[in-house]
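Top line first, the protein sequences correspond to chains A and B. All residue numbers for the first sequence refer to my numbering, where the first residue is 1 and numbers rise by one. All residue numbers for the second sequence refer to my numbering, where the first residue is 1 and numbers rise by one.
If you're looking for bench data, these hints aren't it; they were derived computationally from the structure. Keep in mind that the hints are not guaranteed to be accurate.
Computed cross-link-like contacts, PhoX-like style, restricted to lysine-lysine with a CA-CA straight-line distance of at most 25 Å [as the list claims (entries may be wrong)]:
hint : chain 1 : residue 1 : chain 2 : residue 2
1    : A       : Lys140    : A       : Lys401
2    : B       : Lys232    : B       : Lys270
3    : B       : Lys201    : A       : Lys145
4    : B       : Lys71     : A       : Lys109
5    : A       : Lys3      : B       : Lys201
6    : A       : Lys119    : B       : Lys107
7    : B       : Lys71     : A       : Lys43
8    : A       : Lys119    : B       : Lys67
9    : A       : Lys53     : A       : Lys97
10   : B       : Lys67     : A       : Lys112
11   : B       : Lys107    : A       : Lys145
12   : A       : Lys145    : B       : Lys71
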Amino acid sequence: MKKKDFDVIIVGAGPAGLAAAYKLSTAGIKVIVIERGAFPGAKNVMGGIFYRKAMEDLIPDFEKTAPLERHIIEQKVWLLSEDSALSGGLRSEKFNKEPYNCYSVFRAKFDKWFAERAKEAGALIITETVVKEPIIENGKVVGVKTDRPDGDLYADVVIAADGINSLLTKALGLRESITPDKVALTVKEIIGLPEKVINDRFCLNNNSEGATIEITGPFFEGMVTMGFIYTNESSISIGLGTIVEDLVKHKVNINDLLEKLKNHPIVKPLIAGGEIKEYMAHMIPEGGYFAIPKLYTDGFMVCGDAAMLVNAVHREGSNLAIESGKLAAETYLKAKEAGDFSAKTLSVYQKKMKNSFVLKDLKMYRHLPKMMEEKRQLLTKYPQFAIDAVYDMYNIDGVPKVDKIKAIKKSIGKLGYIRMAKDMFDLWRKVR
Amino acid sequence: MHSLVFIKQVPDAAQVRINYETGTLIREGVPSIINPFDAHAIEAAVQLKDKYGGNVSVISMGPPMAKEILKKALAMGADKVFLLSDMVFAGADTLATSYALWAGAKKVAEEVGSIDIYWTGKQAIDGDTAQTGPGIATRFNIPLVTYAVEIKEVDKQNKKIKVSRLIDGGMETVEVPLPCLITTEETINTLRYAPLPYLIKAAKTSVVLLNSGNTEIDAEQCGLKNSPTKVKKAFTPPKREKGEMLEGNDEKTLNALYDKLEPILKQCGKL
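Pulled out of the complex, with its shape left as it was, chain B reads as follows (with noise of 0.2 Å):
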């Protein structure tokens, strides 16, 4: 059971603050983190590797800086990091980004065995578009489980996984042949604190590097000149307006109310 996991660095969201004059995110002195819900994706690959075997890779998309986050994988359990670096894959958006990290798995794949479970978070906390773990799938042609909750079970003998996974308004079990790609809501497990040896392998394991030039990459899908996805405007929303109170428990403050609602509800063909 071989698992490869497509994490994201991504900005501490608690601690980013938004510059409200230019509409931008002050990113200066705020840490980067695994994207969160991938940390519970590789979480849930570990689980498995500790149940069936098998070896647990992690491969992210990014500047040279992402190695800090494959370093942190390595220290919860991961065996094999990849780092996918290079400039023509800058400012790629969601369908380029599934398209280099695709490459990257067959690389990974080439590496350490082929791969049954392909995991990601059920999207990024940046980007929030849930769209780059599809993306991936589809280019594989393999199942694709998005937002799962629990890991039924694994069928070595025949190939196939059982999984819950979110649906609007429940919850619903799926099986799947195997390979196939699981995308992971944060309840699907508990992070564990990592014993010391995953923290000493992790600091003695190294990153590999993987690059257009050490991998079978079209660069004429990568980066910001093959992504049809544009930004044409970034905006804050204004800020809320406090609301206004209006205290007592007599009549007069009810008719007060009355006269403040009243307008609203006829506005909206309430009244």
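Here chain A stands alone, though its shape is the one from the complex (with noise of 0.2 Å):
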């Protein structure tokens, strides 16, 4: 091996990579961070929530200097068809105290803070540059090529934070390339309103003050998809994102069903008079557990979206590869301690994230992308009975409620109430 010009090299300055490269450095480690976009956070797309409980743990204060939207003190889940949103959701007081649960975020500002932060603490990040494959030399990872004349890096040990197309995972023969049905093509539009309108819609007292809309149901035609609307300061992000295999089945361009979701005569009202201030698309992984592949081998481990860590139930995906390159982090300090970068070693990265809430959340949900791609039932017929249902007895008509219920049931019955219990028992089972 030539001689070692870093200690650590990390491919990509998203969260996981920033992360772990935090982490090193304020231990002293030297690090480098390779990141092929223009600057961090360029290249990098999230639907915009950010939990703060990862972060807090890596960089306690943070909440005093980053570039953060707004607070969100009101969840909210729609089951939307044509012309009705059955909700539901929860708006607490107690999401309104400090610490604050999550965040609405720019991830173009945050991760070029966080790559700030990780600057100060002593880790050099490069930009523009790609790095295509690792060095691998008597069976060990010892360094990684990039597309820069005399581009070859030497490090004791490469993190992969390069993102759901993880070239190196790949090459590695960890992981293969994702398939249609394991990812998700998510497109969302900023669209800017004053302040002021945005806390006058959704019934908040001030800019800081956010809220979010999840939406499913019988709208996106059975397809298996997550629309979502949350409140930035001075802007709305609209957005969904389609399990891509659905997409090509259904022959559905998303970029329609995004103008559908904005034209729904229940959206349409909430993003009113904005101007669209930015679009962005990005791949999502949407495999879950069983996609998650083996995350170290000799002289490498891999962390993030690389890694398939996208809780799609909750959104949550950028606190995993926080928590993912912290641990990573943790793993590599304990190897240098020990002069020991083998496979072996680095297996404590797996346990300590088997241990840790990344993967227990995920095994939980395990059997859930599967059960969606079977039971579409799910998605379409089940949510519109609970909306026709609730319709019927809200809606005041001279019909006793009795007959209603009846009528209801009898409904139930068209679905097939044995099935309609599997299923709900199934569910149930599964996210177990």
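Make the complex out of the two chains shown on their own, each in a separate frame, by following the hints.
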């Protein structure tokens, strides 16, 4: 092996890579982060809700300087049909007290800020450079090849935080290319509106309170889709993500679907009069627990989206990424003490992950992606039935309630009592 | 052979849109870049360094945000970078800018050694004046070579440089004594894809900040107040209307065309 240039090479300046870089640099480790975008955050997209906890464990006072939009005090879920929305959720003053649970953020700003913190801690960050493949010697990862002239770098350990299409994990055979059934194409628009208008429309007291709406239901024609509306300080993020395989099967262009959502009679007034400021699209890994690769090999660990760490049900991803980056960094520090960077030593990372909320949560929902794929009635018939039933009960038209309940029971009969009971039981069993 | 390159941060013109109602540029969300002509000046200086040794310094004047382009300059092979940033410089026209850059350049020379070649791009893509480079050369009272397209040779012994430059209808090759100031065309070179060691060096090197406090600068010659150029009015040229199409290859179409052209040709005295 050529003389090592750094202790650790981190590929990708997203939350996973930056968390690892921050943690290692503060421990005095020589770290380089290689990012392909023009700046950290340039290529990074998420729905826009950032959970505090994992970040707070890393940088305790991050809220003082981080670019955060609004803290979220109300979270709603809509079952949406063509003309109705059956709404549930929680607004709580508990969410309005520090420490706040979560925030809306812009990743382009947030990741740039995070990168500055890592730099201050001593990490070196270079941009506009693509890492093409790992350098392997005697079966061990000892560095990376970049697309730059004189572009080889050597280190004790390479941490791959290179996102959903992770070239490194693929090159090492830890992961296959992602298949269309395990990835969602997500698009979103940032719609600019005056702060006061947003406060009024979402019943918020001031510019720091925020609200979120997650949208599912028959409106999306049985495609596994999650729509969302989030409030930023002076804009609204609206978007949706659909499993790519479903888009192909239904021959639907996701941009048309977003237009359709924006023009839904219940959505439209929330964004009316706004100006589209930005449009973005990204792939989100949705394979869940079973899609997660082995997280380490000799001289190598993988974090964040590259390891498929996304909890779609709870729209969590960046916090899982940060946690994984942090645990990979801790593992490196232990390995450094032992002076051994073999797979055996780095396997501690997998154990740490297994014991953390990251893999525990993903394991709990492990059967869900497949179930959604197989039981489309969960997305179409059942929510439509619920919307219709609630409509009937709310609609005062002279029909006695007893008869209405009879009618509802009858339509449950049509859906199939046993099948529905079985589906519900399955759902309950599989998210346990 | 020490070089100093003057660069300017400009909005990426390819991404700027115009608000036709107000006649102003929509700067929101438009990234800032090194003025493209200046990037070629940096490359030219780095190529000379590769060939003849010495160092390359780069200086810019602008808000703290302009640090970003100086970091880029480091990644292109510059050794030291300086940012003149001070409220007294704000709103400067080319006269006040060339004064401040000249004063800054003297400070740079104190730090890196006497400069043999000063470089700028031929003009900035936002102002298009092509005055700042010549302004600096005038203050130094050194030879000025504008619109350079090729560095023919450098005579280190006798301190001379031979440069080809674009002139109306052709090209000329001139030889000037050093130090001199050269402004570059885009065609002078191809920007290299910087090697990784340059990027690592750039990440390790910080921008040296210059201001009226640590540089000998006369505030009475800086900024908007001391800029004789005044913008009276800004307007956008009207959008061009779509031309009229006549189709056909018969006499009738030809006559129709003649009828349309005749009054226009008469009006401008061609008929």
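Going through the hints against the structure:
Of the supplied pair hints, the one linking Lys140/A and Lys401/A is violated, its CA atoms being roughly 71 Å apart against a limit of 25 Å. For the given pair, Lys232/B sits about 37 Å from Lys270/B by alpha-carbon distance, which is inconsistent with the 25 Å threshold. For the proposed pair Lys201/B and Lys145/A, the alpha carbon gap of about 18 Å is at most 25 Å, so the pair holds. With a C-alpha separation of about 19 Å, the suggested pair Lys71/B and Lys109/A falls inside the 25 Å cut-off, and the hint holds.
Annotation: proposed proximity of Lys3/A to Lys201/B holds, straight-line Cα distance about 18 Å (limit 25 Å). Taken as a hint, the Lys119/A and Lys107/B pair is broken in the structure, with Cα atoms around 29 Å apart against an allowance of 25 Å. Between Lys71/B and Lys43/A the alpha-carbon distance is near 20 Å, which keeps this suggested pair within the 25 Å criterion. Distance check on the hinted pair: Lys119/A and Lys67/B sit about 15 Å apart at the alpha-carbon level, within 25 Å; holds.
A distance of roughly 14 Å separates the Cα atoms of Lys53/A and Lys97/A; the hinted pair therefore holds under the 25 Å criterion. At most 25 Å may separate the alpha-carbon atoms for a hinted pair to count; Lys67/B and Lys112/A meet this at roughly 15 Å. Restraint check for Lys107/B and Lys145/A: not satisfied, since their Cα atoms lie roughly 40 Å apart, outside the 25 Å limit. This hinted pair checks out: Lys145/A and Lys71/B have alpha carbons roughly 23 Å apart, not beyond 25 Å.
When held up to the earlier numbered hints, the structure conflicts with 1, 2, 6 and 11 and fits the remainder.
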